[in-house]
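Student: The residues making up each chain are set out below.
There are 4 protein chains.
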Amino acid sequence: MFVLVNLKAYDCDAVAIAEAAAEVATDADARIAVAPQAVDLAAVAETGVETFAQHVSPNGHGSHTGSTLADAVAQYADGTLLNHSERRLRLADIDASIEAAHDAGLETVVCANNPEQIAAVTALGPDAVAVEPPELIGTGVSVASADPDIVEGAVAAAGDVDPSVDVFCGAGISTGDDVLAARDLDARGVLLASGVAKADDPRAALEALVAGL
Amino acid sequence: MFVLVNLKAYDCDAVAIAEAAAEVATDADARIAVAPQAVDLAAVAETGVETFAQHVSPNGHGSHTGSTLADAVAQYADGTLLNHSERRLRLADIDASIEAAHDAGLETVVCANNPEQIAAVTALGPDAVAVEPPELIGTGVSVASADPDIVEGAVAAAGDVDPSVDVFCGAGISTGDDVLAARDLDARGVLLASGVAKADDPRAALEALVAGL
Amino acid sequence: MFVLVNLKAYDCDAVAIAEAAAEVATDADARIAVAPQAVDLAAVAETGVETFAQHVSPNGHGSHTGSTLADAVAQYADGTLLNHSERRLRLADIDASIEAAHDAGLETVVCANNPEQIAAVTALGPDAVAVEPPELIGTGVSVASADPDIVEGAVAAAGDVDPSVDVFCGAGISTGDDVLAARDLDARGVLLASGVAKADDPRAALEALVAGL
Amino acid sequence: MFVLVNLKAYDCDAVAIAEAAAEVATDADARIAVAPQAVDLAAVAETGVETFAQHVSPNGHGSHTGSTLADAVAQYADGTLLNHSERRLRLADIDASIEAAHDAGLETVVCANNPEQIAAVTALGPDAVAVEPPELIGTGVSVASADPDIVEGAVAAAGDVDPSVDVFCGAGISTGDDVLAARDLDARGVLLASGVAKADDPRAALEALVAGL
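Here the protein sequences come in this chain order: A, B, C and D.
Under my numbering, residue 1635 is the last one in the first sequence; the count climbs by one each step, no gaps.
Under my numbering, residue 1635 is the last one in the second sequence; the count climbs by one each step, no gaps.
Under my numbering, residue 1635 is the last one in the third sequence; the count climbs by one each step, no gaps.
Under my numbering, residue 1635 is the last one in the fourth sequence; the count climbs by one each step, no gaps.
Simulated from the structure, these hints should not be mistaken for lab results.
Hints may contain errors.
Since the list gives no way to pick one copy over another, a pair counts as held whenever it fits inside one copy or between any two copies.
[As the list claims (entries may be wrong)] Here are the computed lysine to any residue pairs in the SDA-like style, where the Cα-Cα straight-line distance is at most 25 angstroms: (1) Lys1620 with His1486; (2) Lys1620 with Gly1598; (3) Lys1620 with Ser1485; (4) Lys1620 with Ala1526; (5) Lys1620 with Gln1497; (6) Lys1620 with Asp1493; (7) Lys1620 with Gly1484; (8) Lys1620 with Gly1482; (9) Lys1620 with Val1632; (10) Lys1620 with Asp1449; (11) Lys1620 with Ala1450; (12) Lys1620 with Gly1547.
Chain A on its own, in the form it takes in the complex:
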């Protein structure tokens, strides 16, 4: 199981969380990555934790102001989220961003709302897809518990299109039980945010997440 922690634009200490994540990953022999804002990618990567961007531009080098290029991200990061529900992309831009990310050597995890959209993004050839029903994001109610049909539907939908694409489970993940429930539904990873980034003790939250693996 892959635990991908999206720090969003939370008022948190990205480097401290990254250090904790790096240590918990080593201690538990688990795969944990941290996705900070673009500005913080260098400092987060410096901790040794697996580092993801929250987004990369579909553009290549050129006259683009205010973009975050895959090539620039790849100086520090290992992968990138794409099409998060808070940063929805046009279909053609998801396609181009996946290609730009892969050309730069970045792993791609593309978010979508439901099994139909999961099938759609799977067809674009990412490394993984993450199903996040928008109505559960930030609720603390895990999609794996509240709506297992969506996770199973996403796993089936992605498998029909391309069985080599992993399915992650997002929205409402906050406990170790949520992670195990996701695994039981054949998800290969979880995507979470506030459960770690806004925790009083992010290290304890991370340890709890991977304890059962």
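With chain A held as given, fit chains B, C and D onto it using these hints.
Tutor: Using the frame of chain A, we list chains B, C and D on its own:
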């Protein structure tokens, strides 16, 4: 073969073109539809021609200013284009727009750039998809002649995901030979614009398009 | 005072409201306009009521799919809203849309959130600006009562930049008293929506709005 | 005169250019800043050069994925560009981004196309505005030479609204003569990109720019 004429925002006489299209369709026993700006849907539909919108909003009724709702379009139109390269949508909005259109009884034709994106939009359940390589739009060079591999790839990609979804062929279609070439590649329709809308004699252009069918 | 009724994408009978508005305007010798969805502009204008679009594109004629051009709107409408809080535009597009609207002979009413933004849009040369604090939209709490400072600030800000530009007052207007309160703050018009469009009796709502004028 | 070098998404060595800019600024006693991609802000600031972001989000801390917050930028940078023609913002977002930037202690330079838009953005209270006619960007033809009326118009328009806001001159600046021409038109700074970022010898390009000051 379905001939779908997108009038875009061209400076043309939408009603005159619609009247010509209605007559040519009847005379040739061909299926021809006209897609004007939203403002012109009522007047175009009045001619009796099959009428498409160029876009519908993913929203339902509510506090949305400046939107074009599927329900409002369905008063006059039979279907709608979605995700044209000049009106690219976010993936989640393509999904919601298809659903809103179908709920309103509209047929849906969703555009995309390449076979991978065709597979992606096919997974969202539209009635048809149209492959339009952006580099050929408006060139007068038909994709069916210049790049038959893309059309064949699109037909194969859509068929793998859902064989009930038709594939149309856009970009550069302007002659009857282009229509026949598209049909020979197993496209079930063509999407064109300037070839009719900017023709000196739109009726003659339409007649030429369907002459070989 | 100008009463501008935005029908948004509400599930209402646009033509019936337009007919009522035309009659109330005549009976009360008041200026009332109705702004339906683009699809309904022709039918609304047919009633004889003053007709506004909810938005027009910054583009001129050309290869633009899914746009609503000022020229197309001007076949039926007298003016247009721009930059409503539900259809926020980029600054350069507000500028271009105002120009396109004026070239087509449309009157322009540009919305903004606060006095600073009112000053900004006034500098672009519209016919009128409408101040709508987003937190009051749809509340039924009138900005003229709840936050008279914002209206006074908007009138002052617009006047400093260009005294020929009228200031309208939006957000929460639903009664005749709200209209009079707006007038007392030197607003030259009101912009409202649900107070008429979702009223059980839109004609009675319109009559009440203009009764005190 | 302030020389602000936008590195856009060019394939250039941001740190090497920053080092050269820091040294040229010191040697010439000139004010030179460098605006890299967000990912590179930390490394560029490390060189000691004055550092600008190319954009900051209108959002504050919270559930925003793929944003670049003013607070995150302010860890490293001294200021930010906003509303560049390659990253046009909605008016309400320019307003909110200026406020977010100022709250974070960042200086703001807001771009616009023409004198009317310059007046509009000046009303929002930035530290400076930059006039960049889109048709001259990247041409190597300086706006100060090709279209001095636009620069004079921008200086006059900004001065009418708020004389404390500086006017910079962008688009086509590449030589020391361009900088002097801009100064002669009462611009207080220049905004340029390819003239330095794509120069064979960026240091020499920078030295030439400030040589006449």
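Student: All hints, please: hold or fail.
Tutor: Evaluation of the provided hints:
1. Lys1620 with His1486: Result: close only across copies, 14 angstroms inter versus 33 angstroms intra.
2. Lys1620 with Gly1598: within (16 angstroms within a copy, 48 angstroms between copies)
3. Lys1620 with Ser1485: Cα proximity of Lys1620 and Ser1485: across copies only (11 angstroms, versus 37 angstroms in one copy).
4. Lys1620 with Ala1526: between (31 angstroms within a copy, 21 angstroms between copies)
5. Lys1620 with Gln1497: For Lys1620 and Gln1497, only the inter-copy Cα distance (20 angstroms) is at most 25 angstroms; the intra-copy one is 28 angstroms.
6. Lys1620 with Asp1493: Close across copies (17 angstroms), not inside one copy (30 angstroms); limit 25 angstroms.
7. Lys1620 with Gly1484: between (37 angstroms within a copy, 10 angstroms between copies)
8. Lys1620 with Gly1482: Between copies, since 15 angstroms is at most 25 angstroms while 34 angstroms is not.
9. Lys1620 with Val1632: within (18 angstroms within a copy, 48 angstroms between copies)
10. Lys1620 with Asp1449: within (22 angstroms within a copy, 47 angstroms between copies)
11. Lys1620 with Ala1450: Close inside one copy (22 angstroms), not across copies (47 angstroms); limit 25 angstroms.
12. Lys1620 with Gly1547: neither (33 angstroms within a copy, 34 angstroms between copies)
Hint compliance for this structure: hint 12 is the single one not met.
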